[in-house]
Amino acid sequence: MNPSNLAKNSVTLAVQGMTCASCVAHVEGALTDLEGVTAAVVNLGLGTARVTYVAGLVTVSQMKRSVREAGYEAQERSQGLDALDRERQAREEEIRRQGRNLVVAGGVGLLVMIGTFYEMLGPLRSWIPEWLSYKWVIGLLTTPIVLGPGRQFFTNSWRGLKHGVTDMNLLYATGIGAAYGIAVINTLFPQARFGGEGATFFESAALLTAFIVLGRWLEALTRGRTSEAIRKLMKLQPKLARVRRGTAEEEIPADEVQVGDLLLVRPGESVAVDGLVEEGYSAVDESMLTGESLPVEKKAGDQVIGGTLNKTGAFKFRATRVGKETSLAQIIKLVEDAQASKAPIQKLADWVAGHFILGVHILAVVVFVFWFFFGYRLYFDPDSSFIFSPYRLGEIGVFGFSLLLSITVLVISCPCAVGLATPSAMMAGTGKAAEYGVLFKTAQAIENASKLQTLIFDKTGTLTRGEPSVTDVLVYGETVAGGLTAQDILRFAASAEKNSEHPLGEAIVRGAQERGVEVSDPQRFESIPGHGVEATLQGNAVLLGNRRLMSQRAVDIGDLVGQAERLEVEGKTVMFLAVDGRPAGLIAVADTLKEHSQEAIQRLKRLGLEVAMITGDNARTAQAIARQVGIDRVLAEVLPQDKAEEVKKLQALGKRVAMVGDGVNDAPALAQSDVGMAIGSGTDVAKETGDVILIKDDLRDVVVALEAAKATMRKVKQNLFWAFFYNTLGIPIGAGLLYPVLRLVVSPELAGAMMAVSSVSVTLNTLLLRRFKPSFHSGRQQQRQAQGPEQPRWVTEPAAAD
Amino acid sequence: MEGELLDRGIARRAARIYLPLAITAALLFLVAASVTGEYTTVARVGGAVWVGTLSLIVSMPVVTARAKAKARRRE
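Chains as they are written, first to last, in our numbering: chain A, 1 to 802; chain B, 1 to 75.
So that you can see chain A by itself, here it is in the shape it has in the complex (with noise of 0.2 angstroms):
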């Protein structure tokens, strides 16, 4: 049986002790082995296996087996903020034992280095007593740093060996082991001529175990704060509604509301659930879920999103979505699904990782043989020294040599941070967009948006409202219409279209209420299909329709067919207006431009990426909407089954091709291109298929976007830079390969230590990403105050003054 045919599950586990990025592909490896299992994806940030898998094939609890038989522990994730504060609870208590273990190793390590350099102090040496010095008595203050603090490498490298799994805890268990182990036989055999007295490792076993300590316990630190914008979008989740049943008024768990409810919202309180608004009007500030930093007003009709809050007025609202179904729960669920998918560069990284550990100690062995039988006779020199180190090498012998260098190459070669590099920046990234109100799907989703080349938009509902409304008023002329105004045709017009159901009639009428002309009840309505209406308004015959209904009823319009033809080649629909049989004016109706469509283009273009529309429409509309907005490429009357073969069409010109959309004909498009964005108030298929979700309706967040994963790429490019780099460099450098020149050898505690700095400088520098601003974030509102709302045009002069 073909297990794709069949209907997946998929289970979060939360797995303990992976601490590399080979045991991200032990831990995944041993769940994809499982038969039933289609699926692992391992976060290492956020210690998480997210494991799709046919149910009746395998059990959850085949997996936990088949993860503890890897040398894990694993157990069944449970969800919300109980489940975080527990995680957050193990993470703390990590720290707290790491901490311990720092503690130890680093107190006890620096009486081991102060033991060791003490013939170097000089003067110094008058506080110290000499005793410190000795070897027995450094080598009793080392072995509770190996047997305490270090214990933990030894186990655990013991528990993966056992299973067939080599992590990086096998690199600092040999390296320490090793260390100590011949720092013993020198000590208590001195004329064993393991190098003696002379080459006693203690303070490499010591000071290794200290820094690698240090850097566990700074990962552990840095580690979660990552992720720490779950935790911010689930404190939003209020704890209590004030809900009205029947007459009273009580106060319940958020998550017993059920739809349906009408709950009532206070100054200063939090919505809890979605819904609409019945009654009252406030300011609801609605930043931390949307990005948007002005509080939105909220009226009766109005919808409002559960987690937002309250500022001034009071209202009712009824509950329409409440629990798993609520707005800010989906957020929630899309950015844990996020960070705990994988991103390509994530998977070579952990496949390079994963391999690593092995070839570096195949490479321990080569080291070793290399020194013991060549490099050793040829080139040692008895002056020689550590790097940043006085201590000079003396009298060890060619084993003792030789083994300082295998060990070296063990310590230095650790790929923790190569494990870190890419999950930390895409936890970061993605909670970062979520702040200003964008929701990547997936971690390829990033970085697919970092390499776009072409953005096409979906015009009716992306780039324009997708509802017409009025967008210019002209007067025929004073002595013609009797000294009529641009109100006085709107209110003419507006008044003939009450009762009208046409969305053009509509759009009059809205146009008239929004710019607060009065609209009365017409004494006599007609509609006339497919040329206009008749009306009789206060005693007057009021006609608004097209060309042909003028021309039926023997109004002479000629002076405004010129005007009414340049408004139609900007895409505008025009109806003309005839009071008493005599031509008054014209109104234009169009579907306008979205309030920062043009501004969000131009930036787009300014990024040097080309910007195509596509739409259903006819080309001469298409046009007029493409030259408002700036988009030189337009792709018109496209069917809606056409837009994804347009989109493949541009692919197969090796075009990396985003598509902005947000209707279910644009779901074949968003799903065949390379990021789909779907507009947050478009329809639900949009926001299933689309890879990107903008919450807000603003198109500003396209570039939000790509900035932010721009931004991500950026770090984790940085990041595997970084990591890579310091393992291709140091490795070299640990097996020797300055010391024919230089002869200076790097010493296990220095490898240790640039370990340590290599993890901690890849974490702290994901940290920087938390300063993250999308370029158009900062000026909004001072952009917003400078330009205002977009307005039609109002044409208050006569049309054609003859």
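Because the hints were derived from the structure by calculation, they are not lab data. We put the CB at the ideal spot given by N, CA and C, even for glycine. Hints should not be assumed to be uniformly reliable.
Simulated restraints, written as ranges between beta carbons of each label pair [said to hold, decoys possible]:
hint, chain 1, residue 1, chain 2, residue 2, range
1, A, G359, B, A15, 15 to 25 angstroms
2, B, R66, A, E35, 16 to 26 angstroms
3, B, A15, A, G394, 23 to 33 angstroms
4, B, K70, A, M120, 32 to 42 angstroms
5, B, T36, A, P344, 47 to 57 angstroms
6, B, L27, A, W127, 51 to 61 angstroms
7, B, P20, A, H355, 17 to 27 angstroms
8, B, K70, A, K605, 52 to 62 angstroms
9, A, R100, B, T36, 46 to 56 angstroms
10, A, L124, B, A15, 51 to 61 angstroms
11, B, T24, A, E35, 29 to 39 angstroms
12, B, K70, A, D642, 48 to 58 angstroms
13, A, V366, B, L27, 12 to 22 angstroms
Based on these hints, arrange chain B on the given structure of chain A.
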């Protein structure tokens, strides 16, 4: 319980391969050090132990993982 027994069986089968491999590598080193140079006994034995240990570390996970995969295929 059955799983643990199976695991022990796999571990034993794997050990029968990787232990001889590691010992062979150590012996090869010992022979080479004895034949080619004027190394002390400590250096020769110490070197052989180190090479044997690293060979064990390299071969143990590879062989165990393969033995496990083979056992799963048989299941």
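Practice prompt. With 47 to 57 angstroms as the target window, see if B:T36 and A:P344 comply at their CB atoms.
Written response: Holds: the Cβ-Cβ distance is about 48 angstroms, inside 47 to 57 angstroms.
Worksheet item: Between A:G359 and B:A15, does the beta-carbon spacing fit 15 to 25 angstroms?
Response: Since A:G359 and B:A15 have Cβ atoms about 23 angstroms apart, the given range 15 to 25 angstroms holds.
Fill in: Whether the CB-CB distance between B:A15 and A:G394 falls inside 23 to 33 angstroms
Violated, at about 41 angstroms.
Fill in: Cβ distance range 12 to 22 angstroms for A:V366 and B:L27, holds or violated
18 angstroms, holds
Worksheet item: Per the hint of 48 to 58 angstroms, is the separation of the Cβ atoms of B:K70 and A:D642 within bounds?
Response: 52 angstroms, holds
Practice prompt. For the range 29 to 39 angstroms, tell me whether the beta carbons of B:T24 and A:E35 fit it or not.
Written response: 36 angstroms, holds
Worksheet item: B:L27 and A:W127, beta-carbon distance inside 51 to 61 angstroms?
Response: 52 angstroms, holds
Discussion item. 17 to 27 angstroms was suggested as the range; check whether the CB atoms of B:P20 and A:H355 agree with it.
Written reply: Once the Cβ atoms are compared, 24 angstroms apart, the range 17 to 27 angstroms for A:H355 and B:P20 holds.
Worksheet item: Is 16 to 26 angstroms a correct range for the gap between the Cβ atoms of B:R66 and A:E35?
Response: Since B:R66 and A:E35 have Cβ atoms about 18 angstroms apart, the given range 16 to 26 angstroms holds.
Item to complete: Hint says 46 to 56 angstroms; check whether the CB-CB distance for A:R100 and B:T36 agrees.
Response: Holds, at about 49 angstroms.
Practice prompt. Determine whether the Cβ-Cβ distance between B:K70 and A:M120 falls within the hinted range of 32 to 42 angstroms.
Written response: Check failed, 57 angstroms falls outside 32 to 42 angstroms.
Item to complete: Given the hint of 52 to 62 angstroms, check if B:K70 and A:K605 actually sit that far apart at their C-beta atoms.
Response: 59 angstroms, holds
The structure does not agree with the numbered hints 3, 4 stated previously, though it agrees with the rest.
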